[in-house]
Each structure stands twice: as C-alpha cells, then as structure tokens.
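Trainee: Sequence:
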Amino acid sequence: MPDAPPNSRCGIDTVDVARIEKLLRDVPPEGLLDFFSKTELEDAGQGAGRAASLAARFAAKEACCKLFPRELALGIIEPPDFSVRRDAYGAPEVVASTSAQAVLDRHRLTIRLSLTHSETSASAVALAELRRMEVPWFGKVFYHLFPWRRKLVLANFHRVFGGYVPEEEILRLVQAYYAHYLRFIVEFFHLPLMSAKKKRAYIRIENMESPLRAHKEGKGLIFLTGHFGNWEVSTIAGITQFPEFKGLLHFVRRPIRPEWLNRWVTRRFREAGFGTLAKRGSLDEVLSLLESGAVIVYVFDQHALRKDGIVVDFFGHPAGTFKSPALLALSTGAPVIPASSWREPDGTHVLRFEEPLPLIDCDDAKEAIRQNTLAYNAALERMLLRHPEQWIWMHGRWKIVY
3 MPDAPPNSRC GIDTVDVARI EKLLRDVPPE GLLDFFSKTE LEDAGQGAGR
53 AASLAARFAA KEACCKLFPR ELALGIIEPP DFSVRRDAYG APEVVASTSA
103 QAVLDRHRLT IRLSLTHSET SASAVALAEL RRMEVPWFGK VFYHLFPWRR
153 KLVLANFHRV FGGYVPEEEI LRLVQAYYAH YLRFIVEFFH LPLMSAKKKR
203 AYIRIENMES PLRAHKEGKG LIFLTGHFGN WEVSTIAGIT QFPEFKGLLH
253 FVRRPIRPEW LNRWVTRRFR EAGFGTLAKR GSLDEVLSLL ESGAVIVYVF
303 DQHALRKDGI VVDFFGHPAG TFKSPALLAL STGAPVIPAS SWREPDGTHV
353 LRFEEPLPLI DCDDAKEAIR QNTLAYNAAL ERMLLRHPEQ WIWMHGRWKI
403 VY
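The opening position of the sequence shown corresponds to residue 3 in the working numbering, with each subsequent residue numbered one higher.
Among these hints, one or two may not hold up.
Cross-link-like lysine-lysine pairs, in silico, PhoX-like; alpha carbons within 20 Å at most [to be verified]:
1) Lys325 <-> Lys368
2) Lys281 <-> Lys309
3) Lys218 <-> Lys248
4) Lys221 <-> Lys248
5) Lys309 <-> Lys325
So the derived label-pair ranges between C-beta atoms look like this [said to hold, decoys possible]:
6) Glu95 <-> Leu263: 40 to 48 Å
7) Ser290 <-> Lys68: 30 to 38 Å
8) Ser10 <-> Ser290: 48 to 56 Å
9) Leu263 <-> Asp286: 26 to 34 Å
10) Ser197 <-> Trp150: 31 to 39 Å
11) Asp286 <-> Met196: 33 to 41 Å
12) Arg308 <-> Pro71: 33 to 41 Å
13) Gly295 <-> Gly33: 39 to 47 Å
14) Glu287 <-> Ser116: 56 to 64 Å
15) Leu195 <-> Lys401: 33 to 41 Å
The set of hints was computed from the structure by calculation and includes no laboratory data.
Quick reminder that beta carbons are idealized off the backbone N, C-alpha and C, glycines included.
Please take these sequences and the hints and turn them into a complete structure.
Mentor: Written out as structure tokens, the structure reads:
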C-alpha cells in the first residue's frame, strides 16, 4: 500500500492465528456472529486456512478501531462494528455498522484495507483518507456574495465538524452548502412546471418496503425527517408514486416566513394530497389521525421552545428538541421511521426510508420521552452526515437552551 497522503491516518494490527483457533474451538457457531459477520464466516470457508483468514479479518477490525481512539474509548465503536468483504475485483473493503458509518461520515473519511497472513499470524493495515467535498464554482461565488447568516452557518458547521475535519474541508462543506441552496431555489420554482412523468423520473425511492410493512400493523406511522436535500421534491414527486398512502399523509410543520411563501407552499402540499398540521396545538388531531391509520410526517430538526420541547444532545451539544414524536409513539405504539432525501450528482433526487426505530419504554415516563427523543436526534445525525452540504445550516438549531 502506498505511503499515507495528506489528511489521512493509518491503523495497523497483528493477530496470532492461535488466538482465533482457540476462539473457534471455544465458541459455538452461532456465537461467532458476535465477532464476525456472516459474510466473513462464509468467505473464510471451512478448510485448513479458516483460522488464518479470520485472523486477518479480526486484525482489520482492530486496525479500523485504532483510527478512532476517541470514539473507541467512549464506546461509540468496537471491533465488530467493522467487517470485511471482497469487492468485484477480489480486493478487501470495509463494511461499517450504522454507528461506525456515522463516525466515518463525521470525520469525512473512507478506509482502504491491506490484509496478509501466514500460518501463525495475520496483519492488517487500515488507511483512512479524507473524502474531499467538490464545490461548484457558483457555490464559491454565492458564499462570498451572500453574507446573510454566514456567521451562523460557519458556527454551525464548526459545531458539528470542528476537531473532526481540517479547516479547509469545513470551508468546502460551507461553500457546497451555498451551492445546494441555489439549486434548491431553482428546483423549488421549476417543480410545478414539470410533467407527472418527469417528476417520477426525477426521484428514486429507497427501502419503501419499510413503511409499507410497518403500516400493516394498523397503528399509523410517524415519519421522522428534517430539511434534507430538497424535501418538497422528495415528498411531492416521491411519495405520491405510492397509492397506498394517498390521502393518508399529514405534515406537522412550522409556518414559513414570509407569509406569502407559507401560503404558497401549503397550497402546493394540499394540491398534492397532503394534509398540513401546526406543530403547536394539534396533538389531539394527530392522535385521532394515527388511530385511523394516517401517516404523520414530523419535521424534527428545528429548535423547540421550552413549552414544546426538552433539552437533549444533538451532535454532542445541548439543543431544544420537540418531544411530541416521543409522546405520540409511546401513547399509540405507532412505528417511527426516519426518512431523508438528497440530490445526486446528476441532479436527480433520492428519498430513503430507514427501518423503524425501536421504542424505548421506561417506568419513568419523563425518562422514556428523553431516551426516545435522544434516539430520534441520533437518527437525524446519521442522515445529516451522509450529505452534510444538503441541510439547513442557516437555522439556529443550537439556540440558548432553557
């Protein structure tokens, strides 16, 4: 493997094959899944080289963890969060768990692997390289010509990525966000002019099976989302492709300023067949809708005032966060499904649904609300980090908390 380039880091680990041989003797087959993925166990085969092959993979796991000593010490990641598979050319590549992928995304790193083994030992080198954000020229120009809330945007980016990525990469992320903002404005006014056929081709849906399956439980659904990508394109051009949800979707949202823009957006949502509900004072109506099997779309990434929220961490910093989704999930049992959208390099859009979040129940009702709300923020963090340039960084998410 070549020397580490700038903005990279390297983890190296060696494992005795005898250590893995003992593990294979002492642990039943089903217990090995606590240490290795199903793919790793299958790739290692059952022959004489099985232990050495698994030793190389275990060394890779530990080498990956050495790249992130802070997260390892905090218990955010551990060796089983990384696994190894072969790509189409037979080269080893890393498969990260949900928590490990969030760590990689916050550091903006990708990992390349080199594995080797003999009959007695196995070694792995994990080389992490910076994923450099490419910025279009108009993003750089708009950043310099549009100073409104620039200080807030920079402060928000530093709150999330400061100490994780180099300063020059933070600036590129900021400028890429300004490019996204321009694209968003153009798309916002262009969407009504598109034909239904073009709208369908404009959006790709990922894992729609998740909400369709969960809706069969008969408890309604709560879509947990935020201002990711172009959320209007994703909802109007995306969800409307599924007649199963026609007339069932209701957006809980805060009014947009100025008022004329809010009226226009609300009218467009209603023309698309979506109901709209105010974030304040609509709890009884939402409960009734869920009982009837409706789908509640909750835009969850804005600052909540004291009367509406609680303070839980968002990217490690206290943030006023709406408690309504946790209250609704605990009182109705409605599945909570994170959903996000993003724009692809070719200009098309993706709307992705995750699997339902496990409901956290406690004897203490307040603690149950806090734990679930914290889990919802963590889900938003993971979605935001996938395409960080496509979020609303001009919003004061971390205002003075109560």
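Trainee: So, for every hint listed, does it hold in this structure?
Mentor: Outcome of the hint check:
A C-alpha spacing of about 10 Å is found between lysine 325 and lysine 368, which places the hinted pair at or below 20 Å, so the restraint holds. As the CA atoms of lysine 281 and lysine 309 are separated by approximately 12 Å, the hinted pair is consistent with the 20 Å bound. Our distance criterion of 20 Å between C-alpha atoms is met by lysine 218 and lysine 248, whose separation comes to about 15 Å. Only pairs whose Cα atoms come within 20 Å are accepted, and lysine 221 paired with lysine 248 is accepted, the gap being roughly 17 Å.
About 10 Å separates the Cα atoms of lysine 309 and lysine 325, which keeps this hinted pair within 20 Å; it holds. Taking 40 to 48 Å as the suggested C-beta distance range, the pair glutamate 95 and leucine 263 conforms, at roughly 45 Å. Evaluation of the 30 to 38 Å hint for serine 290 and lysine 68 yields a failure: the beta carbon distance comes to about 53 Å. Hint check: serine 10 to serine 290, Cβ distance near 55 Å, so the stated range 48 to 56 Å holds.
Taking the beta carbon of each, leucine 263 and aspartate 286 are about 28 Å apart, inside 26 to 34 Å as hinted. Separation of serine 197 from tryptophan 150 is about 35 Å and conforms to the stated range, judged on CB atoms against 31 to 39 Å. Between aspartate 286 and methionine 196 the C-beta distance comes to about 37 Å, which sits within the given range of 33 to 41 Å. Taking the beta carbon of each, arginine 308 and proline 71 are about 38 Å apart, inside 33 to 41 Å as hinted.
Separation of glycine 295 from glycine 33 is about 41 Å and conforms to the stated range, judged on CB atoms against 39 to 47 Å. Range check, glutamate 287 to serine 116: about 58 Å between beta-carbon atoms, so the 56 to 64 Å window is met. Checking the proposed 33 to 41 Å range against leucine 195 and lysine 401 shows it holds: the Cβ atoms sit about 37 Å from each other.
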